[in-house]
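Peer 1: Letter by letter, the chains look like this.
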Amino acid sequence: MGAIYILWLRELKRYIRSRVQIVVSLGQPCLYLLALGFGLGPVFQQAGHGSYLQFMAPGVVGMTILFSSVFSGIAMLWDRQFGFLKETLVAPVSRMQIMIGRTLGGATVAIIQGSLILVICLVAGFRPHSWIAIPTAFLFVVMIAVVFAALGTALGSAIKDMQGFQLVMNFLVLPLFFLSGALFPLANLPPVMAFITRLDPLTYGVDGLRGALINVWHFNAATDISVLAMIAAVFVSAGAYLFSKIEA
Amino acid sequence: MIQVQHLVKNFGEVAAVRDISFDVAQGEIFAFLGPNGAGKTTTIKMLTTLLQPTSGSIELDGLDPRTRQKEARQRFGIVFQDPSLDAEQTAYENMILHGILYHVPRQLREARTERLLKLFELWDRRDSYVKTFSGGMKRRLEIARGLLHTPRILFLDEPTLGLDPQSRNLLWTHVKHLNETERTTVFLTTHYMDEAERVAHRIAIIDHGAIVAQGTPTELKQQTQTDSLEGAFLALTGSSIRDEAANSADGLRQVAKMWRR
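Chains as they are written, first to last, in numbering that gives the first Met the number 0: chain Z, 0 to 247; chain E, 0 to 260.
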């Protein structure tokens with residue numbers, strides 16, 4: 000237990016201490032929120048879908064959690080190159096505990112980031128359909144964070160250099176975001192696109208967030224929760240397996 | 000304390016370590032010398048459970064590290080060739096983190112951290128981030144950390160690489176002191192013959208993955224009829240230059256530095 004706690008705490012400390020990183024990682028979602036939220040707002044309104052800011056705010060929260068949690072997993076690349084990873088790998092604790100500590104730490108940071116963005120959305124004019132929606136939304140925030148922090152750990156264990164990192168960012172994380180329905184409604188999509196969006200785990204997270212916050216569902220709460228729980232189980236197992244295979 | 004028999008490690012076609020055997024007694028300082036790429040680090044990695052041997056047997060303090068990995072790990076401390084500190088945390092936090100990973104109870108953890116940081120002249124800088132430390136301070140902190148859980152064996156993989164003479168001197172003084180007061184067995188690798196001669200009770204010379212000679216410094220000199228350990232080393236391993244493959248860490252460090260600025 001001690002090992003899980005101290006590695007979790009380490010992720011949190013790293014986050015709190017890197018002020019530049021906090022600003023950068025909050026700045027990007029704000030840009031989306033302002034540029035797209037207000038920029039595409041009028042078009043969205045004319046199409047008869049109501050306020051675009053209302054629609055996309057849950058998506059931007061989802062995006063923030065996605066980026067933050069995958070990134071903290073991949074930060075293992077730094078620990079590998081700067082050597083700290085070895086210190087944990089040679090310690091008399093199971094790899095499983097180390098993996099859980101790191102993943103929970105990454106997830107916690109992502110939850111904080113997502114919550115901060117939600118607050119920023121509220122300041123920018125976003126209004127949930129009722130205030131009780133916030134705790135339900137938080138459930139989805141946590142689930143998205145766990146799913147993608149585990150994915151981050153799995154990727155961080157498998158990737159060994161900067162090229163791999165770029166590859167993951169461009170060909171996995173960005174598509175996960177763009178194909179999730181964070182920015183556009185999933186109704187009436189071309190069949191191929193509809194199919195692809197259903198393969199994206201973030202789709203269910205964003206749908207859950209949007210459902211909880213503004214009561215607009217594409218699927219339903221039960222579907223979203225069970226899909227996310229299943230994917231979390233798969234990614235955590237994959238992360239544990241890949242992490243156990245690291246050779247220092 | 001360390002017993003190695005017929006140890007072999009192959010990476011695919013390449014034989015990194017070919018059938019080496021040696022014993023290190025309790026309380027002994029044992030130096031492992033060899034040119035670049037001779038198999039020193041591979042051997043240390045196998046001894047410290049980071050690499051699985053292809054074949055052969057290892058015993059650390061009577062334990063087979065393959066079957067009783069955690070117990071074996073609890074008994075040794077290691078200072079890696081490359082840094083393994085968390086640069087984003089303070090010296091004190093690095094020590095405490097280590098103490099928790101090695102199950103050192105809280106009070107003992109704090110008491111030993113204080114004692115070791117004082118011993119290695121780092122106590123005044125305990126709350127500074129490790130990234131602000133000089134090379135010598137980082138090395139000292141690594142050794143202090145490696146000793147926190149009172150290991151029976153201390154592995155040092157080229158601990159003085161890149162250090163100035165003052166830091167090297169201080170470091171070996173501490174290592175000798177620990178060896179004498181706490182009877183910690185020390186297994187070290189180094190490129191510096193003078194250091195090996197100064198601290199090691201016994202030396203093994205490895206080349207091309209095989210041990211070519213072992214014994215006390217005096218024995219090695221007699222065996223090769225040379226008057227210095229350096230002479231003995233060159234007589235045993237030849238004088239051609241060995242090239243190590245460049246590692247990707249150097250490139251990445253550059254990139255990370257740029258991003259952090």
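Do not rely on the hints blindly, as some may be mistaken.
Unchecked claim - Not everything, but these chain E residues come out facing chain Z in the computed CB check (under 8 Å): (1) 48; (2) 83; (3) 85; (4) 88; (5) 96; (6) 160; (7) 162.
Keep in mind that the hints were calculated from the coordinates and are not lab data.
All residues carry an ideal CB built from backbone N, CA and C; glycine is no exception.
Peer 1: Look at each hint and say if it fits the structure.
Peer 2: Okay, the hints, checked on the actual structure:
no., hint, result
1, 48, "7 Å, holds"
2, 83, "4 Å, holds"
3, 85, "5 Å, holds"
4, 88, "7 Å, holds"
5, 96, "5 Å, holds"
6, 160, "13 Å, violated"
7, 162, "17 Å, violated"
In summary, the structure is inconsistent with hints 6 and 7 from the numbered list given earlier, while agreeing with the others.
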